[in-house]
Amino acid sequence: MIALLVRDMRLAMRAGGGFGLGLAFFLLVAVLVPLGVGPNSTVLALIAPGILWVGALLACLLSLDRVFALDFEDGSLDLLVTAPIPLEGVVAIKALAHWTVTGLPLTIVAPVLGVLLNLPVDGYVWLVVSLALGTPALSVIGAFGAALTVGLKRGGLLLSLLVLPLYVPTLIFGAEVVKRGAEGMATGTPLALLAAITAGAAALLPFASAAAIRINLR
Amino acid sequence: MDLRVDQLAVARGGVTVLEGVRFALPAGRGLVLRGPNGIGKTTLLRTVAGLQPAVAGSVSVAPDAIAYAAHADGLKATLTVAENLRFWAAVYGTAAVEDALGRMNLAELRDRQAANLSAGQKRRLGLARLLVTGRPIWVLDEPTVSLDTASVQLFGDVVRGHLGAGGSVLIATHIDLGLEADVLELGPFKAIGPRGGGAGGAFDAAFGGDFA
Chain A
19 MIALLVRDMR
29 LAMRAGGGFG
39 LGLAFFLLVA
49 VLVPLGVGPN
59 STVLALIAPG
69 ILWVGALLAC
79 LLSLDRVFAL
89 DFEDGSLDLL
99 VTAPIPLEGV
109 VAIKALAHWT
119 VTGLPLTIVA
129 PVLGVLLNLP
139 VDGYVWLVVS
149 LALGTPALSV
159 IGAFGAALTV
169 GLKRGGLLLS
179 LLVLPLYVPT
189 LIFGAEVVKR
199 GAEGMATGTP
209 LALLAAITAG
219 AAALLPFASA
229 AAIRINLR
Chain B
395 MDLRVDQLAV
405 ARGGVTVLEG
415 VRFALPAGRG
425 LVLRGPNGIG
435 KTTLLRTVAG
445 LQPAVAGSVS
455 VAPDAIAYAA
465 HADGLKATLT
475 VAENLRFWAA
485 VYGTAAVEDA
495 LGRMNLAELR
505 DRQAANLSAG
515 QKRRLGLARL
525 LVTGRPIWVL
535 DEPTVSLDTA
545 SVQLFGDVVR
555 GHLGAGGSVL
565 IATHIDLGLE
575 ADVLELGPFK
585 AIGPRGGGAG
595 GAFDAAFGGD
605 FA
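For the protein sequence lines, the chains are A and B, in the order given.
Under our numbering, think of the first position of the first sequence as 19, with each following residue one higher.
Under our numbering, think of the first position of the second sequence as 395, with each following residue one higher.
Treat the hints loosely; a few may be bogus.
Some chain B residues close to chain A (C-beta under 10 Å, calculated; not the full set) [said to hold, decoys possible]:
1. A461
2. A476
3. R480
4. T527
In silico EDC-like cross-links for lysine to aspartate or glutamate, where the CA-CA straight-line distance does not exceed 20 Å [as the list claims (entries may be wrong)]:
5. K516(B) x E91(A)
6. K516(B) x D551(B)
7. K516(B) x D542(B)
8. K516(B) x D505(B)
9. K516(B) x D92(A)
10. K516(B) x E477(B)
Non-contacting residues of chain A with respect to chain B, defined by C-beta distances greater than 10 Å in every case (computed) [to be verified]:
11. L41
12. P57
13. P123
14. L134
15. F225
Don't read these hints as lab results, they were simulated from the structure.
Don't be surprised by glycine CBs; every beta carbon is placed ideally from N, CA and C.
Work out the full structure: start from the sequences and follow the hints.
Given below as structure tokens:
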């Protein structure tokens, strides 16, 4: 299992692995939005939580079609299915690897980009906390979408359409945590709901994803 | 460590391609599958390996006994030869990487990226994976594609060594590997209608099989 995690992270880091793609996209969103909206600091502070969360979500989406498609194309998915690791574990590890190379870096750079969007001072802690809690759900749900579309050529479009509605609750509660935090209000309720989505997705979706892969490989 | 297949029917894309396949593969033996293109050799091997369900019949084999090698080698282009092999060794919990590299004549290529290997070298690396699985039953689909004569001989020796060590091999190939193996000729399949006792498909289920 650890070998699979190490391999996936190594593949992502090496040339052509796609590491940095999501990060660059996130950076672009955060840089371009203030240019488009204009230098009105009140407006920017108002929309900052939402923009940062939408940016993080779309950055996650960008690399999703690689989660299983590459292994499917070169035949290693077949070999992994026949290997002694349970397929549910393979899915969970691959989602974890995806999070480590996209969600985690996004969480780390988010405060820097918060400056560009004039995020209120109180919001920074909650931005990091909400992304740290919410992005794992994005990876797990994304891995589920990738599993559903694994055999399809150019499945990226279908994958986005399948996954986006499933991302909506995470986005709503994630952005709500930052917004309330920035305004100095209590964040307990949206934070608990965000954590619940992540915990539920991480517990259940690997099984659904494994079943989807088994069917798609037939 | 026997592999026993009884009255197996397999389907590709919802169409039954083989029916009534029966064989037994005891330890130390090889079985060669032969038959024209499209007859269902790959489908049969995938079913035996557990990648797809059988339409009818049964495959009985001890769990975690089969190592499957398909047309695609499952190599990662940006990893080196040794890294590719070490990954599979870790997955299967073995440590036979050096031995496998040596036996498939890959020791000198160990630090080369898989992207820079020739087709035959990639194939050898894909087959070296079988050695690090440590599993007794090898299920091989056209293993000698893109191998030169010397490599075919090398691989034949490896398979013979595996059989000699009490393993067994189910192999779809048209090349003589110099194995003492039984041959199963798969003949052209002519569908039998559900009324005649053949396997029915979704169409028959929907329309009651009146068109058989």
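Verification of the hints:
Hint status for A461(B): holds, given a least beta-carbon distance of 8 Å to chain A, under 10 Å. For the restraint placing A476(B) at the interface with chain A, the shortest Cβ-Cβ distance is roughly 13 Å, beyond the 10 Å limit, so the hint is violated. Because the closest C-beta pair between R480(B) and chain A is about 8 Å apart, less than 10 Å, the hint holds. Satisfaction of the interface hint for T527(B) is found here, the shortest Cβ-Cβ separation to chain A being roughly 8 Å, below the 10 Å cut-off.
Using a Cα cut-off of 20 Å, the hinted pair K516(B) and E91(A) holds, with the two alpha carbons roughly 15 Å apart. Distance hint between K516(B) and D551(B) is fulfilled; the C-alpha atoms sit about 18 Å from each other, no more than 20 Å. A C-alpha spacing of about 12 Å is found between K516(B) and D542(B), which places the hinted pair at or below 20 Å, so the restraint holds. Straight-line distance between C-alpha atoms of K516(B) and D505(B) comes to about 13 Å, which keeps the hinted pair within the 20 Å bound.
For the proposed pair K516(B) and D92(A), the alpha carbon gap of about 12 Å is at most 20 Å, so the pair holds. Distance check on the hinted pair: K516(B) and E477(B) sit about 13 Å apart at the alpha-carbon level, within 20 Å; holds. The non-interface label for L41(A) is consistent with chain B: the shortest C-beta to C-beta separation is roughly 19 Å, beyond 10 Å. For P57(A), the shortest C-beta to C-beta distance to chain B comes to about 43 Å, beyond the 10 Å cut-off, and the non-interface label holds.
The claim that P123(A) lies off the interface holds: its Cβ sits roughly 20 Å from the closest Cβ of chain B, which is beyond the 10 Å cut-off. Non-interface call for L134(A) relative to chain B: holds, since the shortest CB-CB distance, roughly 33 Å, exceeds 10 Å. Interface exclusion of F225(A) from chain B stands, the closest Cβ pair being 18 Å apart, more than 10 Å.
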